[in-house]
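First to last, the sequence lines map onto chains A and B.
Quick note on our numbering: the first sequence kicks off at 6 and runs consecutively.
Quick note on our numbering: the second sequence kicks off at 6 and runs consecutively.
Do not rely on the hints blindly, as some may be mistaken.
Intra- or inter-copy, both count: the list cannot distinguish identical chains.
[Stated by the list, open to error] Listed below are the simulated BS3-like cross-link pairs for lysine-lysine, each with C-alpha atoms no more than 30 Å apart in a straight line:
(1) 112 with 227
(2) 303 with 112
(3) 407 with 227
(4) 112 with 39
(5) 407 with 303
(6) 39 with 227
(7) 407 with 112
It should be emphasised that the hints constitute simulated quantities derived from the structure, not laboratory data.
Number of protein chains: 2
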Amino acid sequence: MLDEIGRRARAAARILPTLSSETKDRCLRRIADKLLAEHDGIAEANERDLAAARDAGLTGAMVDRLRLTSARVASMADGLRQVAALPDPIGEITETWRRPNGLTVQKARIPLGVIGIIYEARPNVTVDAAGLCFKSGNAVILRGGSEAFESNRHLVELLRGELAAGGVTADAVQFVPTADRESVAQMLTMSGVIDLMIPRGGEGLIRYVTENARMPVIQHFKGTCHVFVDEDADADKATAIALNAKVQRPGVCNAMETLLVHRAHASTLLPALLDALASAGVEIRGCSQTRDAFPAAKAATEEDWSAEYLDLILSVRVVDSLDEAIAHIQRYGSDHTEAIVTENYTRAREFVRRIDSSVVMVNASTRFSDGNQLGLGAEIGISTTRLHAYGPMGLRELTSQKFVIYGDGQIRA
Amino acid sequence: MLDEIGRRARAAARILPTLSSETKDRCLRRIADKLLAEHDGIAEANERDLAAARDAGLTGAMVDRLRLTSARVASMADGLRQVAALPDPIGEITETWRRPNGLTVQKARIPLGVIGIIYEARPNVTVDAAGLCFKSGNAVILRGGSEAFESNRHLVELLRGELAAGGVTADAVQFVPTADRESVAQMLTMSGVIDLMIPRGGEGLIRYVTENARMPVIQHFKGTCHVFVDEDADADKATAIALNAKVQRPGVCNAMETLLVHRAHASTLLPALLDALASAGVEIRGCSQTRDAFPAAKAATEEDWSAEYLDLILSVRVVDSLDEAIAHIQRYGSDHTEAIVTENYTRAREFVRRIDSSVVMVNASTRFSDGNQLGLGAEIGISTTRLHAYGPMGLRELTSQKFVIYGDGQIRA
Chain A
6 MLDEIGRRAR
16 AAARILPTLS
26 SETKDRCLRR
36 IADKLLAEHD
46 GIAEANERDL
56 AAARDAGLTG
66 AMVDRLRLTS
76 ARVASMADGL
86 RQVAALPDPI
96 GEITETWRRP
106 NGLTVQKARI
116 PLGVIGIIYE
126 ARPNVTVDAA
136 GLCFKSGNAV
146 ILRGGSEAFE
156 SNRHLVELLR
166 GELAAGGVTA
176 DAVQFVPTAD
186 RESVAQMLTM
196 SGVIDLMIPR
206 GGEGLIRYVT
216 ENARMPVIQH
226 FKGTCHVFVD
236 EDADADKATA
246 IALNAKVQRP
256 GVCNAMETLL
266 VHRAHASTLL
276 PALLDALASA
286 GVEIRGCSQT
296 RDAFPAAKAA
306 TEEDWSAEYL
316 DLILSVRVVD
326 SLDEAIAHIQ
336 RYGSDHTEAI
346 VTENYTRARE
356 FVRRIDSSVV
366 MVNASTRFSD
376 GNQLGLGAEI
386 GISTTRLHAY
396 GPMGLRELTS
406 QKFVIYGDGQ
416 IRA
Chain B
6 MLDEIGRRAR
16 AAARILPTLS
26 SETKDRCLRR
36 IADKLLAEHD
46 GIAEANERDL
56 AAARDAGLTG
66 AMVDRLRLTS
76 ARVASMADGL
86 RQVAALPDPI
96 GEITETWRRP
106 NGLTVQKARI
116 PLGVIGIIYE
126 ARPNVTVDAA
136 GLCFKSGNAV
146 ILRGGSEAFE
156 SNRHLVELLR
166 GELAAGGVTA
176 DAVQFVPTAD
186 RESVAQMLTM
196 SGVIDLMIPR
206 GGEGLIRYVT
216 ENARMPVIQH
226 FKGTCHVFVD
236 EDADADKATA
246 IALNAKVQRP
256 GVCNAMETLL
266 VHRAHASTLL
276 PALLDALASA
286 GVEIRGCSQT
296 RDAFPAAKAA
306 TEEDWSAEYL
316 DLILSVRVVD
326 SLDEAIAHIQ
336 RYGSDHTEAI
346 VTENYTRARE
356 FVRRIDSSVV
366 MVNASTRFSD
376 GNQLGLGAEI
386 GISTTRLHAY
396 GPMGLRELTS
406 QKFVIYGDGQ
416 IRA
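Turn these sequences into a full structure, and let the hints guide you.
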């Protein structure tokens with residue numbers, strides 16, 4: 006079955022790069038219209054997943070993630086319209102130069118080919134990922150979580166129907182029509198067929214895919230994001246940024262997990278900051294100096310320094326210097342996002358130069374580390390390793406570049 | 006042993022990104038001077054490899070590849086000076102934009118980390134690869150072929166000595182001090198230590214590394230390069246390009262292996278072209294129409310269409326149209342380099358649009374598909390797969406990019 010899916014995806018990957026931007030954007034808008042028009046059918050398929058989830062005793066939070074409310078269907082449709090409105094990356098000439106012998110050399114964007122997406126509970130990934138892959142000229146093979154199987158299958162049927170109706174091969178979007186684990190293992194062996202694998206889900210899924218895939222994998226392990234409040238930090242900015250980074254949406258990967266504070270603030274700004282965080286419901290786990298400044302804090306253990314809580318919990322450490330803050334981040338960080346709060350020009354530059362996480366910030370909340378917030382227009386995922394893409398990935402990160410050379414009969418001497 | 010090498014390489018990879026361009030370039034020039042000054046010691050180490058090669062009964066061509074003549078040592082030194090003269094990719098700001106909330110977003114180049122190079126006979130790869138990795142801020146672990154073991158070890162000692170003398174950690178360049186196969190297998194498992202593996206050698210080595218590596222691999226399988234002589238080709242350009250692409254240096258991956266000729270030329274240009282090639286010593290293996298036009302041609306078999314001869318042999322096919330030429334390339338090509346010879350504007354555009362090989366050319370010899378020839382300044386390898394880099398790879402392709410965000414206290418609503 007997967008052999009046939011792979012064969013069809015590769016055939017589609019030959020056709021997709023030649024589609025005009027107009028054709029692709031028209032298809033995306035068709036699908037958006039269809040999602041809204043077919044809301045009842047989507048809800049019906051979704052209800053089958055929800056019933057199975059309740060029968061299986063899934064937690065309320067997990068059932069909630071599965072649910073496709075009207076608002077969520079509208080949001081998927083809206084996402085497709087936004088992707089349709091983005092510039093087409095395919096064919097973009099990113100550079101042009103001339104050689105002394107008169108050759109004109111260009112680099113031009115092309116699709117990657119066939120992208121595999123292995124994901125967990127949220128059915129909206131089906132539509133979001135298919136839209137981004139399609140716009141960037143890639144065929145996609147979707148393998149969603151078993152909990153959302155009925156919803157995913159129904160959404161893919163709608164997508165494929167609209168592609169065909171729009172005059173485009175439905176094979177651009179492939180769906181693995183089984184919920185067994187074996188299909189994941191088999192996908193990971195398809196190295197001549199799938200050019201890039203993007204796992205979306207918990208750390209366990211990502212490790213499993215990384216360790217077993219025979220093709221390149223976009224790795225997003227976790228976000229242990231740091232905010233460092235420097236000696237010369239502005240107190241208002243530090244407070245606003247720390248609160249926003251921790252509290253605004255604690256369950257996501259770009260939320261702050263560790264706060265580092267210069268010891269100059271130990272007796273004044275630090276207790277005020279932790280008081281504000283505690284008032285917002287945050288549990289503080291600190292080093293000994295933190296606990297001196299804020300006795301309500303629990304003692305942080307070694308595990309706390311690398312923890313990704315995804316919850317209203319924060320580890321806090323007092324450091325003696327920028328050097329110590331950087332050393333802490335290099336030792337315990339996850340290469341996701343780190344911010345410094347400072348008014349000092351030279352230390353701001355040094356932090357930016359020496360921290361090589363995928364996103365490095367000065368005087369801004371870590372919550373901006375997101376494809377939409379940074380202006381990429383959409384996000385297929387975040388890479389925390391450096392090959393191919395690093396940080397939030399948009400349409401461009403789903404492309405490669407070929408060299409195009411225009412000559413007048415030049416030969417090599 | 007490899008654990009210790011890996012540990013040292015990772016420690017060096019923390020330091021290298023912070024070196025100034027001046028420091029790096031001074032070190033590269035020091036090494037170039039040293040290579041020239043120490044020519045006798047290099048020749049002595051090399052002589053031990055040559056003697057062993059002769060004892061082992063290696064062919065003359067293989068012994069020749071091992072030999073470090075004065076000219077080759079000078080060429081390595083010259084290569085290092087050229088790399089020193091190239092712009093430093095690290096810290097380069099490739100893009101800057103503003104967000105509506107006032108955030109400034111930049112993308113800045115950073116090194117990849119630790120690069121593993123597994124290579125075969127030529128000892129010059131030791132110096133070339135070390136120079137490119139060092140300039141791009143990466144630590145490198147070199148594992149050369151057993152035939153060149155003494156030469157490689159001696160060259161690495163010189164390199165490390167000059168790095169240390171230049172005030173830089175010698176651990177930037179690591180050498181696997183054993184010639185056994187086991188060390189290659191172990192390197193391929195070091196996924197937390199080596200960020201990218203670049204195998205350089207024959208197809209067997211590259212397949213072995215690709216199939217067994219637990220980290221990303223730059224794959225350069227082969228170059229089955231095509232030249233298509235279109236209906237509206239200029240006869241002089243077609244002749245010059247076909248001869249240059251096949252004959253100027255037949256043993257390299259960017260040499261032409263298959264010539265496709267539009268049937269409009271079957272009775273005039275084709276026989277003249279093949280006559281010129283045959284006069285230059287090229288064996289012609291053709292389709293039946295080719296043999297009608299040029300009876301001295303042998304019959305091409307199915308294997309010939311995907312062969313990488315690396316020799317004075319050429320497969321030739323007559324095609325009915327641009328479509329047929331493109332279909333042939335898509336079926337048998339290796340995604341390396343393809344050229345069209347034409348005076349027709351629309352077909353030139355169509356060839357460029359529809360062929361997604363790593364290098365696509367109009368009216369130029371495939372022999373220009375090379376990092377130096379295209380102006381990249383140097384070349385660490387050529388990638389024939391699309392992830393991370395595609396086509397000739399220079400210094401930039403040994404880097405990643407981080408996001409840098411400058412704010413004024415912005416928080417997310």
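Are any of the numbered hints broken by this structure? If so, which, sorted upward? 2, 4, 5, 6
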